[in-house]
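2 protein chains.
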Amino acid sequence: MTSGQAAPAARPTARLEGERVTLAHGSGGKATQALVQAVFVEAFHNPRLDPLEDGAVLEVPETATNGRPRLAYTTDSFVVSPLFFPGGCIGDLAVNGTVNDLAACGAQPLALSASFIIEEGLALADLRRIAQAMAKAARAAGTEVATGDTKVVQRGKADGCFITTSGVGAVHPGARLSIANARPGDRVIVSGPVGDHGATVMLARGELGISAQVASDTAPLNGLVAALLDEAAAGTHALRDPTRGGLATVLNEVAAASGVGVVLDEAAIPVRTAVRGACELLGIDPLYVACEGRMVAVVAPDLADRALAAMRAHPLGAEATVVGEVTAEPAGMVLEKTAFGGTRVVDMLSGDPLPRIC
Amino acid sequence: MTSGQAAPAARPTARLEGERVTLAHGSGGKATQALVQAVFVEAFHNPRLDPLEDGAVLEVPETATNGRPRLAYTTDSFVVSPLFFPGGCIGDLAVNGTVNDLAACGAQPLALSASFIIEEGLALADLRRIAQAMAKAARAAGTEVATGDTKVVQRGKADGCFITTSGVGAVHPGARLSIANARPGDRVIVSGPVGDHGATVMLARGELGISAQVASDTAPLNGLVAALLDEAAAGTHALRDPTRGGLATVLNEVAAASGVGVVLDEAAIPVRTAVRGACELLGIDPLYVACEGRMVAVVAPDLADRALAAMRAHPLGAEATVVGEVTAEPAGMVLEKTAFGGTRVVDMLSGDPLPRIC
Chain D
6 MTSGQAAPAA RPTARLEGER VTLAHGSGGK ATQALVQAVF VEAFHNPRLD
56 PLEDGAVLEV PETATNGRPR LAYTTDSFVV SPLFFPGGCI GDLAVNGTVN
106 DLAACGAQPL ALSASFIIEE GLALADLRRI AQAMAKAARA AGTEVATGDT
156 KVVQRGKADG CFITTSGVGA VHPGARLSIA NARPGDRVIV SGPVGDHGAT
206 VMLARGELGI SAQVASDTAP LNGLVAALLD EAAAGTHALR DPTRGGLATV
256 LNEVAAASGV GVVLDEAAIP VRTAVRGACE LLGIDPLYVA CEGRMVAVVA
306 PDLADRALAA MRAHPLGAEA TVVGEVTAEP AGMVLEKTAF GGTRVVDMLS
356 GDPLPRIC
Chain U
6 MTSGQAAPAA RPTARLEGER VTLAHGSGGK ATQALVQAVF VEAFHNPRLD
56 PLEDGAVLEV PETATNGRPR LAYTTDSFVV SPLFFPGGCI GDLAVNGTVN
106 DLAACGAQPL ALSASFIIEE GLALADLRRI AQAMAKAARA AGTEVATGDT
156 KVVQRGKADG CFITTSGVGA VHPGARLSIA NARPGDRVIV SGPVGDHGAT
206 VMLARGELGI SAQVASDTAP LNGLVAALLD EAAAGTHALR DPTRGGLATV
256 LNEVAAASGV GVVLDEAAIP VRTAVRGACE LLGIDPLYVA CEGRMVAVVA
306 PDLADRALAA MRAHPLGAEA TVVGEVTAEP AGMVLEKTAF GGTRVVDMLS
356 GDPLPRIC
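Top line first, the protein sequences correspond to chains D and U. The opening position of the first sequence corresponds to residue 6 in my numbering, with each subsequent residue numbered one higher. The opening position of the second sequence corresponds to residue 6 in my numbering, with each subsequent residue numbered one higher.
Since the hints were derived computationally from the structure, they do not count as laboratory data. Ideal placement from N, C-alpha and C gives every residue a C-beta, glycine not left out. Each hint should be verified, as a subset may be incorrect.
To be verified - In silico DSSO-like pairs for lysine-lysine, Cα to Cα no more than 30 Å straight-line: (1) D:Lys35 to U:Lys141; (2) D:Lys342 to U:Lys35; (3) U:Lys35 to U:Lys141.
Said to hold, decoys possible - Reference excerpt, derived from the structure (chain D facing chain U, CB under 7 Å, subset only): (4) Asp59; (5) Leu63; (6) Asp164; (7) Val268.
Here chain D stands alone, though its shape is the one from the complex (with noise of 0.2 Å):
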């Protein structure tokens, strides 16, 4: 209720104690007033967030909206295993995911929430490093945190820490999107090199002693998703970032959901060499790991290459690529052509789960 109004001067200070968590601090009294301000406030500070009413007051730019209001809404729960990882960690991860979840539903973001699970005994340093990694990563997608919730459990009753955000965003006025939305004709479009997330966390938990140069492609696609909507929204039928279940989930996604096939082109796929390798030696299909700086296009074929440029043109979309195109038959079903001139189906992931990659 109190958008744009600066913090009141009788707001108590920060004052806190000790190196490490407690269950005081999620009691709601003293303890989590100072842990809210000296590491969250600290952070996230803007004024939506700084004064801790119960919920943050959005004001709509009448701009977003163009006309009648449509919001984008979403959530996503962060677990990952370890923290942190080479490209990244929990926090700037749990920002990017519901960036990314809003930018497949064609929406710059408004604001985000973030509400923290945090195991007793977790060092604040380790709280205040994540806490800055989502600072940064809403301010890289020009927004901000608005408000929040922080919990305390028992040592051993979490594992660290388990973020969850959710963002509203406003709709790209000419996006159409749905994963129900795929023609036959329609061009698949992978805006990089898929994998690099899920394989790095794999690796980063040091159970396997493997080694590589990888790291996470976590980042904000709300950008290149502008740019792609500006030049081609009319073409552009499906939106989808390819996390967990991976490339192959997705497109099993979006097959089943408008009735279409999916043929992909092995040889097209771009996956890093040092992926690649890792996913040999972990005995995975880099179809199936984790990306959390991708995005899926299914654009109709005369847009696709407007679509692909306008991508390429972006930082994050340089690699873009076409990698397969949607089918009338056979429906349901993703089909991959392999380099050695054979066709194989690329079925959604069961069993062999790739457990808190994100």
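Based on these hints, arrange chain U on the given structure of chain D.
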């Protein structure tokens, strides 16, 4: 993007095997789809959720926005232990908690999100019961779960089930609410007896061998707040639901943010006999014990009678009562006139946490 569109026929039907949640249910692949369809879509079923896009698209009703839209936005994580307790469970608590945070912003819910972090091994029957309770609570508040997420972590890495909800609401056109808006002379109204929820959860843990006829007050307060604001919006300066930290903490937040004092009348504060007895046995002060179905309203003196009458006319405010008054001094402090004629300082909760009551 497919608001109002029926779920496509090609969507795989839900086949849920076994009786417990497994890591595969969090993989993002076939098992995740089966769980989401058989438990969450089954319970929440609505046109915005059913297509299972990366987010939902909300059409903000023009009537709700009255010109330039003002949206309330909030989030909360729920880690209550035990998951089920007299009067409710983590599911209805998660819905009502977020509905009530929106209500404290003067808003009616437009949509909710729900994100689940589930411990491997949770009984599917419990998860279904929780989801059904959420759906019922959302219906009671006139809203629905429009988007969600599910993660599964290994046994021992969470405690049954954590739920994070967020909510988007349309702010009442006349609402001008902030905990910084309290003014000397304002009346402090509580919508009903305090401490029911916290006392119930503490006893439900069974660690103390105490039993009592208490039940959580978990309930959605958006209807009560609408009735209050329709009658007395111009004089309603602040609303806050006294959850963690209880009535004492909420009033300390108001006193600090507004730079005013609050003087409570101990004899006027409603506490159920069974709750008072339970709190005595537990060694805790009911003023610090969480409610989940009560609202604190700070109302200008000239409209306090009308505000009180409007609240009492609503089923969830039948026991509403004036419990205190805002004063100029001592700024930033809450005092209580005791039944014995004395005055004591009611500080913000510090130390002695009551963990995981919400």
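Hint check, Asp59 (chain D) versus chain U [nearest Cβ-Cβ separation less than 7 Å]: Since chain U brings a Cβ to about 4 Å from Asp59 (chain D), closer than 7 Å, the hint holds.
Proposed proximity, Lys141 (chain U) with Lys35 (chain D) (alpha carbon, max 30 Å): 35 Å, violated
Satisfaction of hint between Lys35 (chain U) and Lys342 (chain D), Cα-Cα up to 30 Å: 23 Å, holds
Agreement of hint Asp164 (chain D) with chain U interface, Cβ distance less than 7 Å: 4 Å, holds
Restraint outcome when Leu63 (chain D) is required to lie within 7 Å of chain U by C-beta distance: 5 Å, holds
Chain U contact restraint for Val268 (chain D) - C-beta distance below 7 Å: This interface hint is violated because 17 Å lies over the 7 Å limit.
Hinted pair Lys35 (chain U) and Lys141 (chain U), Cα distance within 30 Å: Within the cut-off at roughly 27 Å; holds.
The earlier numbered hints that this structure contradicts are 1 and 7.
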